[in-house]
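Asks: Dock chain L against the given chain E, drawing on the hints supplied.
These protein sequence lines are chains E and L, in that order. Using full-length UniProt numbering, read the first sequence as starting at 1 and increasing by one per residue. Using full-length UniProt numbering, read the second sequence as starting at 1 and increasing by one per residue.
Don't take each hint at face value.
FRET-style restraints, in silico, Cβ to Cβ [claimed, not checked]:
#  : chain 1 : residue 1 : chain 2 : residue 2 : range
1  : L       : Asn63     : E       : Leu192    : 55 to 63 Å
2  : L       : Arg225    : E       : Glu288    : 36 to 44 Å
3  : E       : Leu192    : L       : Arg58     : 49 to 57 Å
4  : L       : Gln60     : E       : Thr84     : 45 to 53 Å
5  : E       : Gln283    : L       : Glu215    : 54 to 62 Å
6  : L       : Gln101    : E       : Leu192    : 38 to 46 Å
7  : E       : Gly143    : L       : Ser59     : 51 to 59 Å
8  : E       : Glu239    : L       : Gln60     : 28 to 36 Å
9  : E       : Gly110    : L       : Gly146    : 21 to 29 Å
10 : E       : Leu261    : L       : Ser59     : 41 to 49 Å
11 : L       : Gln101    : E       : Asp17     : 35 to 43 Å
12 : E       : Asp96     : L       : Gln101    : 30 to 38 Å
If you want a taste of the chain L side facing chain E, the calculated C-beta under 8 Å gives, among others [unchecked claim]:
#  : residue
13 : Lys31
14 : Ala48
15 : Glu71
16 : Asn76
17 : Gly80
18 : Arg82
19 : Phe120
20 : Gln122
Derived by calculation from the structure, the hints in this document are not laboratory data. No residue lacks a Cβ here, since even glycine has one placed at the ideal position from N, Cα and C.
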Amino acid sequence: MAAASGTNDLSSEMELDAFRRLFPLSFHERHLLESIRPDGRPLGRARDTSLSLGAVASANGSALAKIGCTTMLAAIKLEVMTPTVEAPDEGCIAIDFHMPPICSPLIRPGRPAEVAPVISKQLSDTILSSGTIDLKELCLVSGKAAWMAYLDIYCLDADGALFDAALLSAVAAFSHLQIPVVSLNDDGRIVLVSEENGGSMKEKEPVNKEKIKLKMNSQPFSLTCILHKNYILADPISEEESIMETYLTVVLDTNYQLVSLNKPGGPGLASTSSIQDCIALAQKRVKELQQILSEAISDMEVD
Amino acid sequence: MEFVNPEGLRLDGRRPMEMRQLRAEIGVVSKADGSAVFEMGNTKVIAAVYGPREVQNRSQQSNDQALVRCEYSMANFSTGDRMRKPKGDRRSTEISMVIRQTMEACILTHLMPRSQIDIFVQVLQADGGTRSACINAATLALADAGIPMTDIVTSCSAGFLNGTPLLDLNYVEDSAGGPDVTVGILPKLDKVTLLQMDSKLQMETFETVMQLATEGCKAVASYIREVLLENTKQLESRRGV
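Next comes chain E alone, as it looks inside the complex (with noise of 0.2 Å):
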């Protein structure tokens, strides 16, 4: 208590920003006595989310995602592969997260951030398990040719909750993602029919026709909330983050099912009810995101 009685005296002479950086704690835990936080937003809200699908041309399907300040940008590449003896009807998924030194001032080239394959496996596992894609629609001949899609995502700029922008990012590329119209040419090798051979008949006929969109179904999205003493911090940004760092993401589907949860540690403790609050936190969220991904999808559709 002593120390915060000091910082009570020097808040009076010290400048704003200062005792920002100074004090952090003191100044986030000053806010939240108010049921505010420092950029003006209550306590369960989270930031202001916007999507903008095929950011990337040369992609099979893209989404640039913005959470406020964290921005991701995800795209998808397609290759052919040959499918496993066990699982000859599917298709395979790679995931991968990046960080690049751009996104944040901690990352130095040679010293790659802690969190990033973190992130890479939970976004891998909570995509694959959430059964949202279909494998067996990523397959072409079945036992000799299947699509193998890789999902990269990158972080431009990392402002806190990077699993769920990096999610939203996931999920709208896999909505934008087109598959191409392919054939079996003589040799069995797959090729890509484009539209100066499309009329030329020696090729057989494209494989996939029909299949150009992937079928999603229920798709996955996330919030992650801050425990704090007994405050719950919806959406994070990067400084509350590192001050404050016990973290929950609770990630549901658009049937409100929960597909996973993740509490990795920390110094707060939860108890039950303050899960609960979460998912119903997170259960608002969820309807905001189907929300903002529809429209965007129907603004792609109408260009």
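Replies: Coordinates of chain L only, in the frame set by chain E:
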């Protein structure tokens, strides 16, 4: 293969002396001290500058000037076929070094001793001329970060195919096997800081092609100045000046 058809149009409909469409935006990465996105046609590059800040490796610290570091990397999806190793390969290391030395020439490093300036460039879409787009983006990012420079650096490439000098090659023209000249200049001082050429070229033709690339650089410079001026006007109006 015909790169310039009899009517004088290239594969993408441009004239031989025509540059691709330029588009730039400043201040795109909130966490960075300075950042910019630069597009030349389909080539899209994002650059972020962090600095001047504390030197990471004390042993490399210099007492009389700032250390400039640069890293160039390409996104996996930036090229036609997915890249397996986007950084650490020879080409990326070479381009990182080229960008660093080019920018070092114009930054007033003696004003910021014992500090480090990091320039990070990420290629999001590659369609030829990535080196030039990276240098242009780095210039804008450095200007956004307020780092003192003697002049901006602009860069452009030019080639020679089907007997015609062509400005600003795209990927198809670049991989045609003809010569590719990349020039980087300081436009106000009219000095060349970067000059790279590969493949064979006659002496007189080289001069024409280099002259063309320099003209391209000047055009990029006037565009960059417009963008910076527009940005400053917006900052002014936001501060209520």
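Asks: Work down the list of hints and note, for each, if the structure agrees.
Replies: Do the hints match the structure? See the list:
no., hint, result
1, Asn63/L - Leu192/E: 55 to 63 Å, "holds, 58 Å"
2, Arg225/L - Glu288/E: 36 to 44 Å, "holds, 42 Å"
3, Leu192/E - Arg58/L: 49 to 57 Å, "holds, 53 Å"
4, Gln60/L - Thr84/E: 45 to 53 Å, "holds, 48 Å"
5, Gln283/E - Glu215/L: 54 to 62 Å, "holds, 60 Å"
6, Gln101/L - Leu192/E: 38 to 46 Å, "holds, 41 Å"
7, Gly143/E - Ser59/L: 51 to 59 Å, "holds, 58 Å"
8, Glu239/E - Gln60/L: 28 to 36 Å, "holds, 30 Å"
9, Gly110/E - Gly146/L: 21 to 29 Å, "holds, 26 Å"
10, Leu261/E - Ser59/L: 41 to 49 Å, "holds, 46 Å"
11, Gln101/L - Asp17/E: 35 to 43 Å, "holds, 36 Å"
12, Asp96/E - Gln101/L: 30 to 38 Å, "holds, 31 Å"
13, Lys31, "holds, 5 Å"
14, Ala48, "holds, 4 Å"
15, Glu71, "holds, 5 Å"
16, Asn76, "holds, 4 Å"
17, Gly80, "holds, 7 Å"
18, Arg82, "holds, 5 Å"
19, Phe120, "holds, 4 Å"
20, Gln122, "holds, 5 Å"
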